[in-house]
Amino acid sequence: MKIALISNSLLLTKSLEIYLRDYLTSYKMCDFIVATEPMEANKPVFLIGDFSETNLNKPFTKEMLLEKLESFYWQINHQEDLQQENSLDNTKNADYLFNDVKEQRLVIKESDIELQQKIQEVLERYTQEIVSLSMEYLKGKNA
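Here the working numbering is used: the first residue of the sequence shown is 1, the next is one more, and so on.
These are computed hints drawn from the structure, not numbers from a lab.
This structure is a prediction, so every number in the text was calculated from the model and none was measured.
Worth double-checking, as some hints may not be accurate.
Restricting the straight-line Cα-Cα distance to at most 25 Å, the calculated cross-link-like pairs of lysine to any residue (SDA-like) are [as the list claims (entries may be wrong)]:
#1 Lys-28 <-> Leu-10
#2 Lys-62 <-> Tyr-19
#3 Lys-58 <-> Leu-5
#4 Lys-62 <-> Phe-32
#5 Lys-141 <-> Glu-129
Cβ-Cβ distance ranges computed for the label pairs, FRET-style [said to hold, decoys possible]:
#6 Glu-103 <-> Ile-76: 37 to 45 Å
#7 Thr-25 <-> Pro-59: 21 to 29 Å
#8 Leu-11 <-> His-78: 32 to 40 Å
#9 Ile-6 <-> Glu-63: 21 to 29 Å
#10 Gln-75 <-> Arg-21: 22 to 30 Å
#11 Lys-28 <-> Glu-63: 24 to 32 Å
#12 Gly-140 <-> Ile-119: 29 to 37 Å
Think of the CB as a built atom: it goes at the ideal place given N, C-alpha and C, for glycine as much as any other residue.
All chains, please: the whole structure from these sequences, using the hints.
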């Protein structure tokens with residue numbers, strides 16, 4: 001984790017320099033910037049202060065700072081992975097929904113087949129009864 005520091009507060013700058021001495025580097029070499037004012041930059045900006053888009057509010061401890069910085073660094077390094085994972089999740093959800101619809105259609109078709117089979121069985125029994133009754137009638141007439 002390589003950090004460039006941009007601060008307009010001398011006291012905060014000194015504190016951050018002490019806390020982050022193992023991570024500080026130049027703007028060109030840094031992974032991201034720690035700033036005390038909102039700013040536009042070509043690199044990710046970790047904002048410290050009392051702003052609505054701040055990453056860390058004042059006051060803070062060294063432990064809080066390092067924890068938030070590590071989390072921020074992990075997010076910027078894994079942002080592409082997270083986007084790919086979200087894309088895969090969306091694809092999986094679409095596949096799941098499609099398969100669910102297919103299964104429901106299959107269940108409906110199977111129940112239709114079962115209904116058709118039951119109707120066919122009833123019709124066959126009915127036909128057999130009609131034929132049987134007709135045969136009995138004809139036997140009685142011919143006798």
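Structure-based check of each hint:
no. : hint                            : in the structure
1   : Lys-28 <-> Leu-10               : 22 Å, holds
2   : Lys-62 <-> Tyr-19               : 6 Å, holds
3   : Lys-58 <-> Leu-5                : 16 Å, holds
4   : Lys-62 <-> Phe-32               : 18 Å, holds
5   : Lys-141 <-> Glu-129             : 18 Å, holds
6   : Glu-103 <-> Ile-76: 37 to 45 Å  : 41 Å, holds
7   : Thr-25 <-> Pro-59: 21 to 29 Å   : 26 Å, holds
8   : Leu-11 <-> His-78: 32 to 40 Å   : 34 Å, holds
9   : Ile-6 <-> Glu-63: 21 to 29 Å    : 23 Å, holds
10  : Gln-75 <-> Arg-21: 22 to 30 Å   : 23 Å, holds
11  : Lys-28 <-> Glu-63: 24 to 32 Å   : 29 Å, holds
12  : Gly-140 <-> Ile-119: 29 to 37 Å : 31 Å, holds
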